[in-house]
Amino acid sequence: MTRPAESVALVVLALLVAACGGRTSRATVSTAAAPTPPPATDTTPAAEQPQTPVAEPTPPADPASAATPDPALAARGYSAGVRIGARVVDVRPEPAEVVVQVGDSLAMGEDVEIVAYDDAGDPVLGIRILTTLDSRAAVLEEGFLRGVAEGEAELRMAIRAPPASGTGPPEIHTFSAPVRVVGLPVATVDIQDPGVRFFTGSIVQLHARAFTADGSERRSVEVEWSSGSGRLATVDSRGFVHALFPGEVTITARAEGIEAAFSLEIEENPVATVAVSGASRARTGDVVRFSVVSRDESGAEVGGVPTDFSVTSFAERTNSGASVYRDGAFVAERPGLYRVVANAAGRTGQALIEVVERGVEHDAIVVGRGLVADRPTSDLWAFSGADGRDYVYTGTHLGGQRMLVWDVTDPATPVLTDFVEVDARVVNDVKVNPEGTLAVITREGARDRRNGIIVLDLADPAHPVIADTYIGDLTGGVHNVFFAGDILYAIHNGTFDVHILNISDPGRVVEVGRWGIDSPGKYLHDIWVVDGLAYVSYWNDGVYILDVGDGRWGGVPAVPVEVGHYAYPEGNTHFAVPYTNADGHRYLFVGDEIFDCEDCVSRNGHPGDGSRGFVHILDLEDPENLREVARYEVPEAGAHNLWIEDDRMYVAYYQAGLRVVDVSGELRGDLYRQGREMAWLPTGTPDGVVPNSPMAWGPQFFKGNIFVSDLNSGLWVVRLEPRRKVPVS
Amino acid sequence: MRGLLAFVFLAALPAQTARAQAPEYRLYVANESSDLVSRVVFTPGEGLEVEKEIPVGIMPGDNDGAHGVSVSPDGRHWYVTIAHGTPRGYLWKFHAGPDTLVGRTRLGLFPATMGITPDGQFLLAVNFNLHGDMVPSDVSVVYTPEMIEVTRVRTCLMPHGSRVGAAGSRHYSACMHSDRLVEIDLETFEVSARFDVTPGMEGLERAGGEDRAGAGHGAMGDRVCSPTWVEPGAGARADRVVYVACNRNREILEIDTERWEVSRRFATGMAPYNLEVTSGGELLIATLKGEQAVAVFDLESGEELGRIATSRPVTHGVVASPDGRYAFVSNESAGSVPGTLDVIDLETLALVASIELQHQSGGIDFWSVTPAAGGTR
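Protein chains in written order, with my numbering: chain H, 1 to 729; chain U, 1 to 377.
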């Protein structure tokens, strides 16, 4: 409230603000390079201005009362914009709920206006409001709020005000408002046929998918379910249909006013007996498929019965160590006796299964070592050279500058034959072509900040020579590369795109294509190419599969075509490699690399030591529809690079050293907990760059040995031997 | 202890300095390719010593890139920009002395140099976006008590160099790839002036010039300034002029920010990169990145007083002691050869001490001098 004695001064100040071209009714919005720079004060016509007092005049400064929290007093001596901030108790957008559609933009100051309010709820005038937004769902730039992906964001608003103490520099007061980014409108809704019959007493979940007009799926849209006859069947908010009485009923799914109907016939439940069959004995980690046959009173088999499973353990001292999935796949983490129960339309059957230890433990024997103690070691590549000898090339990190050349023909005694020194501080990746005639090493941290790649001629693999230094557009540094015939795919730190290079003439590398996603904040890390499909690790955007010559999707090496994509909540997708095991199961193994998380505990004080992340295992049978089926997660460490061969996965698991995992057969659940881990080797050493600190970087199985590079200790050569049980005396 | 007391170079040190009377000058230097910040002490007569190496960054498998270092005006905190990120970089804030982490906030692409308002409340970091697409970038404004980015000001292509004028009312940054000096009004946090530094075309940009600013070098002909740094004048020239390093044109421009015109030019050696003006405004010091040297100019006469070779190539950052006696210069070096910190006596214009730091020593700022009135600067 304004006291009468202040009214004259108020008028004076209002005139002053107006004389300065001031706005008087609306707060202003600051965004980066707004289309029209916001004036310091409002320009709304006087007739439209609300009758709200402008900034209160303040008496001259009185040091004796400087500590008072009274805003009017505290505002003395500050600029007008700051003084006004003393009266602001809230800042919020109009409209209160900021909703923007994917692909659309809202003009700040027009579509969305940010307004400051005093404690009476009246707008406060002429104050500068700063705004920022840090989100992957929306971006705020050039004066527009643009929707990028469905999700939530937070609009942060800030004003300057005198400090509560009344002295010192102004404070920033911050406010926030949610922003909701919605997808394009739903155009169609589809209820998937569950492929079962509905019997009285059964509970079956229906799934609805909503699509936009352009055919993209709206994954986060809210779906409302309803039953055409609650007497015959009910349906809950999750789509579970509970069949009550025989008859025909229509279930409706509704999303944003668009409906889909699913008609079903409820039958009298004929199931009288349920027989469950499957293996009665298995090892931990084995996926056992249980099948169910339901029969009626006459003994006739009943088809299409909705069935689900559960499992219980007979163990008394531990929790159940097994899972059984909806498709009847059972897998145990612990040995023991388990009861698998099948529920078929309300009738049950059961089977017992005894699980024993997997028994794949091996000993990891150190065959040889190539200690690198003067600089950190990065990636490696093992190959047979043109001279008939075996080699491993290793990169170096953080001031490394070199690629080291190891002759490992005798794996017990790796011999450093040479090194290639380049203008770089990080030689992160080393790749050799399948013929063993060319190598490419990556450069980061060049003296002139123009990085690129180095092509090496391996005519003498013990002493490779530089065939070409290619920079092109790769100035920002290259983190990883991969050969595919005459094509080299390079991961560029600047554009975060895949740069496609023709390397058929090693002395004259040419960029022939480029591929990248359009995502704000995209970050690209690695690529792996097998049989015409490229697997691109795009950090928080997940893994992308590209046709780069497979041809089924129309891709060619220089013009990739996107085949499939999968992102998971953990993000930080770092590495992806496909593998088909001896039983014909086809998987994509995807590693994430997580630092800076709450559980990332460092042992030696360096925050980088606290790595986390695991190997996600995706079913790759249909590359267009990837789904995560299993994982390998060492709880206390973070996954890095991996190699898979002969049904064994070798993972350089940073501070957890080298891990070797049995990936034979079907994979479900957490392989780490299932006893599939065959061996592990801590790759720390007292004489390393960081003593006794394993930081395993990359593994490769080559001619019966596992070659592992470690950031802190260099090159290790490891062999697996079956663990010999030592009799207890 | 690697790197500590790596080597000490004491050429031309005054022999008569006594430890009891000698002041101790302390600085922070960022080593971009080691993800370490070095705290270094210089004692005249004794030389340099690395007191501490503070790890920064979070990813051992990727170089996080500690680029810029700035100490708060009250000397209680220091800040380092982490340039590389995934993909956006960060600003980290530390207690000076204990060197413990206070807070972090995410900025834009390749945050580099910082400027801090005299009251320490606002830190403005340029998002250099060195290797990204050539699109206009911005300056992040961070409220330091809470370490929150409160706004971004869109400026130009590849902003670099970030300094706040003595009065705290104006911020200046240079645009390497659009040949501009940009002034930001720190009351409104809006661009208040754009000055074209293209050789032969110097002048305040007219309306509509923003498009031209975003056009990049290709639109501007062969002669370019490619400004890498802006340094406000001090002393009598405080809040009147700024100095801009034209990296490609081998000169430093003195720009009168009241009249918005080039008032003087200083010819330099190859690739002037970072600048420093002594606190009284007497001397202008420029690192010559392409010449492995430092040039010192008398701002009264405009003459170059000397050109001093530095200990390692890729001479990067420079800061002067508050008493104006010494200049501290970081040298990146190259490859696996560590960077160095050099000390130049501004009276004798001689290199008086040098010490090896870690890889790619770049960002540098002065922390304290003791004993001195108030303990620290």
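Careful: at least some of the hints might be erroneous.
As the list claims (entries may be wrong) - Pair ranges (Cβ atoms, derived):
1) 122/H - 371/U: 17 to 25 Å
2) 185/U - 217/H: 43 to 51 Å
3) 168/H - 99/U: 22 to 30 Å
4) 213/H - 119/U: 17 to 25 Å
5) 100/U - 366/H: 37 to 45 Å
6) 597/H - 97/U: 46 to 54 Å
7) 366/H - 119/U: 57 to 65 Å
8) 79/H - 97/U: 55 to 63 Å
9) 103/U - 217/H: 51 to 59 Å
10) 100/U - 217/H: 46 to 54 Å
To be verified - Reference excerpt, derived from the structure (chain U facing chain H, CB under 10 Å, subset only):
11) 33
12) 59
13) 140
14) 150
15) 187
16) 189
17) 260
18) 262
19) 338
20) 348
21) 359
22) 368
23) 370
Claimed, not checked - Only pairs whose alpha carbons sit at most 20 Å apart, straight line, appear in this in silico SDA-like list of lysine to any residue:
24) 522/H - 105/U
25) 93/U - 703/H
26) 93/U - 103/H
27) 522/H - 119/H
28) 522/H - 132/U
29) 93/U - 73/U
30) 93/U - 133/U
31) 522/H - 59/U
32) 522/H - 73/U
33) 522/H - 238/H
34) 522/H - 119/U
Don't read these hints as lab results, they were simulated from the structure. All C-beta atoms in this analysis are idealised placements derived from N, C-alpha and C, irrespective of residue type, glycine included.
Against the structure, the hints:
1. Residue 122/H and residue 371/U have their C-beta atoms about 56 Å apart, which leaves the hinted 17 to 25 Å range violated.
2. A hinted range of 43 to 51 Å holds for the C-beta pair residue 185/U and residue 217/H, which are about 47 Å apart.
3. Checking the proposed 22 to 30 Å range against residue 168/H and residue 99/U shows it holds: the Cβ atoms sit about 26 Å from each other.
4. A beta carbon spacing of about 54 Å between residue 213/H and residue 119/U contradicts the range 17 to 25 Å that was offered as a hint.
5. Distance hint for residue 100/U and residue 366/H: a CB-CB separation of about 39 Å, consistent with the stated range 37 to 45 Å.
6. Hint check: residue 597/H to residue 97/U, Cβ distance near 29 Å, so the stated range 46 to 54 Å is violated.
7. Against the hinted window of 57 to 65 Å, the Cβ-Cβ separation of residue 366/H and residue 119/U comes to about 59 Å, which satisfies the hint.
8. A C-beta distance of roughly 33 Å is found between residue 79/H and residue 97/U, which places it outside the suggested range of 55 to 63 Å.
9. At about 40 Å, the beta-carbon gap between residue 103/U and residue 217/H misses the expected band of 51 to 59 Å.
10. Taking the beta carbon of each, residue 100/U and residue 217/H are about 48 Å apart, inside 46 to 54 Å as hinted.
11. Interface hint at residue 33/U: satisfied, since its Cβ lies 4 Å from the closest Cβ of chain H, which is below the 10 Å cut-off.
12. The beta carbon of residue 59/U is positioned within 10 Å of a beta carbon in chain H (closest approach about 5 Å), and the interface hint is therefore held.
13. Because the beta carbon of residue 140/U sits about 9 Å from the nearest beta carbon in chain H, less than 10 Å, this interface hint is met.
14. For residue 150/U, the interface hint holds, the least distance from its beta-carbon to any beta-carbon of chain H being 4 Å, beneath 10 Å.
15. Taken as an interface hint, residue 187/U checks out: its beta carbon lies about 6 Å from the nearest beta carbon of chain H, inside 10 Å.
16. About 6 Å separates the beta-carbon of residue 189/U from the nearest beta-carbon of chain H, less than 10 Å, and the hint is met.
17. With a least beta-carbon distance of about 19 Å to chain H, the hint placing residue 260/U at the interface is violated under the 10 Å criterion.
18. For residue 262/U, the interface hint is violated, since its Cβ never comes within 10 Å of a Cβ in chain H; the closest pair sits about 26 Å apart.
19. Satisfaction of the interface hint for residue 338/U is found here, the shortest Cβ-Cβ separation to chain H being roughly 7 Å, below the 10 Å cut-off.
20. A hinted interface residue such as residue 348/U counts as satisfied when its beta carbon comes closer than 10 Å to some beta carbon of chain H; here the least separation is about 30 Å, so the hint is violated.
21. For residue 359/U, the interface hint holds, the least distance from its beta-carbon to any beta-carbon of chain H being 4 Å, beneath 10 Å.
22. At its closest, the beta carbon of residue 368/U sits 22 Å from a beta carbon of chain H; the interface hint therefore is violated under the 10 Å criterion.
23. The closest approach between the C-beta of residue 370/U and any C-beta of chain H is roughly 26 Å, which is over the 10 Å cut-off, so the hint fails.
24. Restraint check: the Cα-Cα separation between residue 522/H and residue 105/U comes to about 18 Å, which is no more than 20 Å; the hinted pair holds.
25. Distance check on the hinted pair: residue 93/U and residue 703/H sit about 50 Å apart at the alpha-carbon level, beyond 20 Å; violated.
26. A threshold of 20 Å between alpha carbons decides the hint, and for residue 93/U with residue 103/H the separation of about 36 Å lies outside it, so the pair is violated.
27. At roughly 42 Å between alpha-carbon atoms, residue 522/H and residue 119/H are farther apart than 20 Å, so this suggested pair is violated.
28. The hinted pair formed by residue 522/H and residue 132/U meets the criterion: a straight-line CA distance of about 12 Å does not exceed 20 Å.
29. Of the pairs offered as hints, the one joining residue 93/U and residue 73/U holds, with about 14 Å between alpha carbons and a cut-off of 20 Å not exceeded.
30. Under the criterion of a C-alpha separation no larger than 20 Å, the hint pairing residue 93/U with residue 133/U is inconsistent with the structure, at around 29 Å.
31. Proximity of residue 522/H to residue 59/U is assessed by CA-CA distance (about 18 Å); at most 20 Å being required, the pair is judged to hold.
32. This hinted pair does not check out: residue 522/H and residue 73/U have alpha carbons roughly 36 Å apart, beyond 20 Å.
33. Restraint check: the Cα-Cα separation between residue 522/H and residue 238/H comes to about 33 Å, which exceeds 20 Å; the hinted pair is violated.
34. The hinted pair formed by residue 522/H and residue 119/U fails the criterion: a straight-line CA distance of about 36 Å is larger than 20 Å.
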